[in-house]
Amino acid sequence: MNAAKEPIIICKNVHKWFEDFHALKGVSMEVKQGEVIVIFGPSGSGKSTFIRTINRLEEHQKGDIIVDGIALTHDVRNIELIRQETGMVFQQFNLFPHLTVLQNITLAPIWVRKWSKEQAEAKARELLERVGIPEQAAKFPGQLSGGQQQRVAIARALAMEPKIMLFDEPTSALDPEMIKEVLDVMIELAKSGMTMLVVTHEMGFARAVANRMFFFDKGEIVESGTPEEIFKSPKEPRTRLFLSQILSH
Amino acid sequence: MTHATVLLRPKTRLTPAQWIRRNLFNSWGNAILTILSVWLTFVLARGIIVWVFTTAEWLVIRTNLRLILLGQYPIAEVWRIWLSAAMLSFLIGSTVGVWGWEKTRPVTRRIWVALASLPLVFVFTQTDSTNRLWLAALSILAVAGWFLGRPATRPLRRIVAIGWFIWPAIFILLLRGLTPEEGWLPLVGTNLWGGLLLTFLLTVVGIVFSFPLGVLLALGRRSELQLVRWFSIGYIELIRGVPLITILFMAQLMLPLFLPTGLTIDRVLRAMVGITLFSAAYLAENVRGGLQAIPRGQFEAAHAMGLNGIQTMGLIVLPQALRLVIPILVGQFIALYKDTALVSIVGLLDIVGIGKTVLAQPEFLGLQREVLAFISLLYWVVSYAMSYVSQRLEIAVGVGER
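Chain order of the listed sequences is A and B. Residue numbering for the first sequence is 1 to 249, as defined by this note's numbering. Residue numbering for the second sequence is 1 to 402, as defined by this note's numbering.
Please keep in mind that the hints were generated in silico from the structure rather than gathered at the bench. A virtual CB, placed ideally from N, CA and C, is assigned to each residue, including glycine. Heads up, some of the hints might be wrong.
Some residues of chain A that are not near chain B, with every Cβ distance over 10 Å (derived) [what the hints assert, rightly or not]:
id, residue
1, Gly26
2, Lys62
3, Ile66
4, Thr73
5, Glu80
6, Gln119
7, Gly132
8, Arg156
9, Asp184
10, Glu188
11, Val209
12, Glu223
Beta-carbon label-pair distances, calculated as ranges [what the hints assert, rightly or not]:
id, chain 1, residue 1, chain 2, residue 2, range
13, B, Pro180, A, Thr73, 51 to 61 Å
14, B, Trp230, A, Gly26, 32 to 42 Å
15, B, Leu225, A, Arg125, 37 to 47 Å
16, A, Gly26, B, Ile395, 54 to 64 Å
17, A, Asp175, B, Val38, 47 to 57 Å
18, A, Asp175, B, Gly289, 25 to 35 Å
19, B, Ala152, A, Arg125, 17 to 27 Å
20, B, Ala114, A, Glu161, 54 to 64 Å
21, B, Ile395, A, Glu126, 30 to 40 Å
22, B, Trp28, A, Asp175, 29 to 39 Å
Here chain A stands alone, though its shape is the one from the complex (with noise of 0.2 Å):
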């Protein structure tokens, strides 16, 4: 790792509207290479919407992205660019359910970083030993539990060796007795150095390895710090509000 501490995600005075509504309030963050950051607040607050505009499944209407150096703009050279250098991992994980497993895995750094079908599948074999999952290749993704399919679409997204992982509630559709499997493989990767910004309640998660948290409310960032800070002085009284609503249980 350079210590240099570039900040690999810029983004200034977000906003973005769905009609009429406005979802996105003006957000700005920096994320340096190899941060962990965790986005929580309730529903409807924008975070999901938020790391979906930094790979552009949605579309802001003001404001700067930078990601890596390259500028989000309409053009679409630069769409895909910055697609590849980011790895998604959605809630409902969205494996594609006519491919096996390894064809999940290997179909990206084939077609688009054209790599050998040889070496795709050996990068694969090795990312599905990581995820702990090896035995499972030649299985369709309908043959697997949730945690499991989950496991297998966090080796997808590594399949294409990006720089930054999105995580979009990627435990909120699981059984309880999968989330943790799920979440040993995040913490795993988060320590290995990975530039990760996850949307997600998990907060033993958070506490474990997040560098930064961000509380989202109503589209803005409403306050940010240290998971220590976080956890044991928050300073808005809504952060408050809300994590006692999450942590009484």
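Following the hints, put chain B in place on chain A, whose structure we already have.
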């Protein structure tokens, strides 16, 4: 905890007498219905059997069989059709082979064996020795294809799939010929194509060309480019609002008016174009249904990993969408096969058209029933075959098991 006792499911097998009583005579009303339907079935079946084996004069079919099957295709060139059929037979055999003979159910295996030996049965009905040889070749090639395909490896499957793509082209090329006048493969004018051959051709051409066209139209209708979208919508809605028969009439009668003098388009070709354009509009709507069933998350996942629009469509969305609509598409193709009968109204000699000319021969006047029954049988056999293939295809690609 004590050990759970495993209870065997109680035996519920009934003797035939019990089954009949329980299912057919369990009330007075049902008893009457049962007796009525048995009587009706008996009367109908007897009527049909008596007609088929005693009253009906099948001579009309036997005399005109070649006409009904091939139209007026020159006898000297019939070997081309035999050759195409032989290739098809080989292709079907190898398809059955690569599809996994071990996984095929015993009943289905017997059906395939029966089908493969069917040409041998006809060997004995033929007097012409060349025909006999060709018929025997059909059986032998089917078995040979099956044998060669049995290892069912990936490359073999790919070869067979490619075979299915190029066979229609070879078929039409052979049929039509290459060289004008004399020569190695002299041209055979389409005015001589007829009967089941023509029906079959119209169907194959209709399917082969309307499929890509329909997929393109379906994609066009969802395009972000306004012009492409409006063109697709306009085309689909226009064609769907018009009966096929009017399109065929327009192709036959009105098209020549718009073309410069001296330029004529073949009549069969015109019918093929009409059928293709008609079928493409319906196909587009069916494919669009499949496209709409693909969740947004699939697009997002594909985009998020950097696939471009064409890759997303071709690798992720279309394969899933087409798989979903196989049953609908096959239904449409069966309908297309039967709709080709309409070309007889614009004067082409497909099975129905040939049937009409056969019935116009003075010695066969009044034999409509025999001719219609035989024609119906031809339609039914091919339609059922398509339906069967569709079911197998659905199982093979796993529709509905995700």
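Hint check results:
1. Distance check on glycine 26 (chain A): its Cβ is at least 25 Å (rounded) from any Cβ of chain B, clearing the 10 Å threshold; non-interface status holds.
2. Against the 10 Å criterion, lysine 62 (chain A) stays outside the reach of chain B, whose nearest CB is about 22 Å from its own CB.
3. Residue-level check passed: isoleucine 66 (chain A) sits 18 Å from the nearest beta carbon of chain B, beyond 10 Å.
4. Taking the minimum C-beta to C-beta distance to chain B, about 16 Å, the non-interface status of threonine 73 (chain A) holds against the 10 Å cut.
5. With a least CB separation of 6 Å from chain B, glutamate 80 (chain A) falls inside the 10 Å interface cut-off, contrary to its annotation.
6. For glutamine 119 (chain A), the shortest C-beta to C-beta distance to chain B comes to about 17 Å, beyond the 10 Å cut-off, and the non-interface label holds.
7. The non-interface label for glycine 132 (chain A) is consistent with chain B: the shortest C-beta to C-beta separation is roughly 21 Å, beyond 10 Å.
8. Residue placement check: arginine 156 (chain A) does not keep its beta carbon more than 10 Å from all beta carbons of chain B (closest about 7 Å).
9. Every CB of chain B is more than 10 Å from the CB of aspartate 184 (chain A) (nearest about 23 Å), matching its label as outside the interface.
10. The claim that glutamate 188 (chain A) is not at the interface with chain B holds, since no C-beta of that chain comes within 10 Å of its own (minimum 21 Å).
11. Consistency note on valine 209 (chain A): stated as away from chain B, and its beta-carbon is indeed over 10 Å from all of that chain's, at 23 Å minimum.
12. Against chain B, the non-interface label of glutamate 223 (chain A) holds: every CB pair exceeds 10 Å, the least being about 29 Å.
13. For the pair proline 180 (chain B) and threonine 73 (chain A), the beta carbons lie near 59 Å from each other, so the given range of 51 to 61 Å is met.
14. For the pair tryptophan 230 (chain B) and glycine 26 (chain A), the beta carbons lie near 38 Å from each other, so the given range of 32 to 42 Å is met.
15. At about 41 Å, the beta-carbon gap between leucine 225 (chain B) and arginine 125 (chain A) stays in the expected band of 37 to 47 Å.
16. The hinted range of 54 to 64 Å is satisfied by glycine 26 (chain A) and isoleucine 395 (chain B), whose Cβ atoms lie roughly 55 Å apart.
17. A C-beta distance of roughly 55 Å is found between aspartate 175 (chain A) and valine 38 (chain B), which places it inside the suggested range of 47 to 57 Å.
18. Checking the proposed 25 to 35 Å range against aspartate 175 (chain A) and glycine 289 (chain B) shows it holds: the Cβ atoms sit about 33 Å from each other.
19. The beta-carbon spacing between alanine 152 (chain B) and arginine 125 (chain A), approximately 25 Å, falls within the hinted interval of 17 to 27 Å.
20. Roughly 56 Å separates the CB atoms of alanine 114 (chain B) and glutamate 161 (chain A), a value that falls within the hinted 54 to 64 Å.
21. Checked against the hint of 30 to 40 Å, the pair isoleucine 395 (chain B) and glutamate 126 (chain A) passes, with Cβ atoms roughly 35 Å apart.
22. The supplied range of 29 to 39 Å is broken by tryptophan 28 (chain B) and aspartate 175 (chain A), whose beta-carbon atoms lie about 55 Å from each other.
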